[in-house]
Amino acid sequence: MTIDMNQFFQVFFDEAEELLAEMEKLLLAVDVSSPDIEDLNAIFRAAHSIKGGASTFGLTDLTDVTHVLENLLDRIRKGEMALTAEHVDAFLAAKDILKMQLDGHRLHTHVDQEAVADVRMMLQSLSQEMPIAPPPPPPEAVMVKEDDTDKFAHVKLCFRIELPQLGERDVTALSGELALLGRLSTEVLSDKRHVFTLATDETVDDIIAICSFILNPDDLKITEVDMPVSVVASASSAKTEEELGYGFFEPLEDLRAFIAQGSDSEQVENKAQAAPTPEPVATASAPAQPDRRHNGRRETDRNQVGQESSIRVGIEKVDQLINLVGELVITQAMIEQRTLALDPMQHERLLNSVSQLTRSTRDLQEAVMSIRMMPMDYVFSRFPRMVRDLASKLGKKVEFVTHGAATELDKGLIERIVDPLTHLVRNSIDHGIETPSVRAAAGKSETGRLSLSAAHQGGNIIIEVSDDGGGLNRERILAKAKQNGVPVGDNMADADVWQLIFAPGFSTAEVVTDVSGRGVGMDVVKRNITSMGGVVDIRSAKGFGTTISISLPLTLAILDGMSIKVGDEVYILPLGYVVESLQPEPADVKEITGQGRVIKVRGDYLPLIPLYQMFGITPIFTDPCEGIVVILESDGRKAALFVDDLVGQQQVVVKNLESNYCKVAGISGATILGDGGVSLIVDVAALLRSSRQLNDESIFS
Amino acid sequence: MAKSILAVDDSGSLRQMVVFSLRAAGYQVTEAVDGQDGLEKAKMQTFDLVLTDQNMPRMDGLTLIRSLRAIPSYQRVPILMLTTESSDDMKAKGRAAGANGWLVKPFDPQRLTEVVKKVIG
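Residue numbers (the numbering used here), protein chains in the order written: chain A, 1 to 701; chain B, 1 to 121.
A hint or two may mislead.
Partial pick of chain B residues on the chain A-facing surface, computed with a CB cut under 8 Å [claimed, not checked]:
1. Gly12
2. Gln16
3. Met17
4. Pro78
5. Ala96
6. Leu103
7. Val104
8. Lys105
9. Val119
Calculated from the structure, these hints are not laboratory results. C-beta atoms are modelled at their ideal positions from N, C-alpha and C, and glycine is treated no differently.
Okay, chain A solo, but in the shape it has when bound (with noise of 0.2 Å):
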């Protein structure tokens, strides 16, 4: 059998970049004055699991730094030395170049073996001794030695010592402080009484002294004899096996023969005396204990419950079986309206196991969504260490947290909203939070306030980046859109001046730091997030800093939609831009000349879209007094869309209309029905942005 080392690379690197977050959380969180021991040994182990994966595929750079960073962190863990700042740094650093190893092989992209040296040196330099010898070479696929690393392999003397009757844990300890001598190996007489056979090449004196820790040298009987069979024979085949990398505490033979014991329970306690157990064998409990191994189970149920375990698996997986779900939740959306049409008398228990059938369905599909959820904390997890770097290389004091981490997002937007997310820290924190001593003058504390949060609003999730900085600086902003052409008023509202720091090119930072402020940037942050179907909004006050706030959709994937129709067709209409829907009065819709009807909804004049004009449909009701009007609102801004009709309200799969056919404008995508027949999702963002075109142009005009 041979095994292809690769397929495990995969998992090791993964597991690798998890291992080094988790490092660097603890090492930013540990309290360098008194360190949590259980802290310590996490980044110990992080470290120590890296070095055992990277060694076990060969990736000897990656030894070659755990290894010496593992060494310095067993010493401060045992509190051989204390945990200082600078030892705090070197991890952080370390873990940096571990980072940038780890993508070197698995992105190829390029490492910096400057720096690796820089790294292992500070690191040497802090345990403070000679450079540490490198780690055992990795083994090669199949190991091949030459013979010359046993010690003993030359050894002529050979001596039998019988032991005085002995506790298990003497005999045990003095078998370990001999077997350092020497090829030893042990037999167990009939009064339980140990003699070792010893081949060394130690003096008998030296033995004695050994012994005389644990036993009276006067109770020892060594005699020097003939080098046995049986010991050549074990330190050949121990020397083997220590080469190979594994070796058994007694004879194969004995091994197997007291597992074969093991099967036959009744000859447990006749031959546990006999046999070299490593431990005392507990005759008295050995026959079975129904009871007690009850208990133990009983126990280990509970015990069961609050233990967290995880799998991996490939996310085309996942994709696969969200997708399968979307069409299980179809056809079982066609089975239920089918069966509307029986009579429920006569069906009964049909009728019933469809309903069973739409509950499993609907809680089938949302287990399955979730699994594509992820935490915050994914993304939020890799700013502390930004912000601390920033901070420091700008001269400023932040103090930075974090809200909602726990709150869940799914993973093909977690992923796509970092970008955005880190250019606003990083904004904050270069243009936003003051220096400590402006801040000082200005009566705020040295220490700026950075805070990322996350929480859940209807189907929504609102991502906020806060300061405590300067402010948006509405003047400066206002006179560089005049310098940059933009149309502006000196009395725009606030909320319309700051969307103007989106617009392309626009920077109004007096000093281009080589951390933020070139002017590229929020224009970007703007247009990732309106692809993932998201809105920027941004509140600020002078003096008082600034509030980025970032509403996203929790899934693309499926969408709980209202379906309306209008004439034949029905659309889908995603329920988070559907305020209310009514039927207006006669009296409420007016005309006005050359921009279409508006309808007055509770004082306020709306819009009036009728979407059988917007996607030329001859529907039911041309008067929207007999037909229904559904309230939209978007990017803060209403209108209300005439149907004919309100079908009902469900959860629909989005299927993507670009990938299948082609893109149309005013749908954002499609979906399939009950029934088999194919809804479109409309646009309501862009119906409502066109609409307002439509309105600008006939005021301009």
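Go by the hints and put chain B onto chain A.
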């Protein structure tokens, strides 16, 4: 019936390699993520062989071995340590705890299968 093996290691990649190689060799392998997990799983089913790492969160390998040896049904189940430390000190500790043998990490999957075959056939 296939022999059952309990593989205890906190490193997922190592565990996966152990599991993969041993399953390929026809063994039934159960995974545990640390000593505590291993002990709980061991209590639910008596395995034919236990492979355990030493350095793990919650419960280390030596503690696991000692705890297993305290269970009557585990007194004669072979236990091998998978360890990065092949020092005599570690071996002596393992032996004292009740392990039957050791295997140094990193190891070749084939070697692992070989060793396991030697012990439980």
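Do the hints match the structure? See the list:
The beta carbon of Gly12(B) comes within 5 Å of a beta carbon in chain A, closer than 8 Å, and the hint placing it at the interface holds. Residue-level restraint check for Gln16(B) holds (minimum Cβ-Cβ distance to chain A is 5 Å; threshold 8 Å). The criterion of a C-beta within 8 Å of any C-beta in chain A is met by Met17(B), whose closest approach is roughly 5 Å, and the hint holds. Hint on Pro78(B) holds. Least Cβ distance to chain A is approximately 5 Å, under the 8 Å limit.
Given hint, Ala96(B) at the interface with chain A, holds; its Cβ is 5 Å from that chain's nearest Cβ, closer than 8 Å. The beta carbon of Leu103(B) is positioned within 8 Å of a beta carbon in chain A (closest approach about 4 Å), and the interface hint is therefore held. Hint on Val104(B) holds. Least Cβ distance to chain A is approximately 4 Å, under the 8 Å limit. Satisfaction of the interface hint for Lys105(B) is found here, the shortest Cβ-Cβ separation to chain A being roughly 5 Å, below the 8 Å cut-off.
Taking 8 Å as the C-beta cut-off, the interface hint given for Val119(B) holds, the closest approach to chain A being about 6 Å.
The structure is consistent with each of the numbered hints, conforming to all of them.
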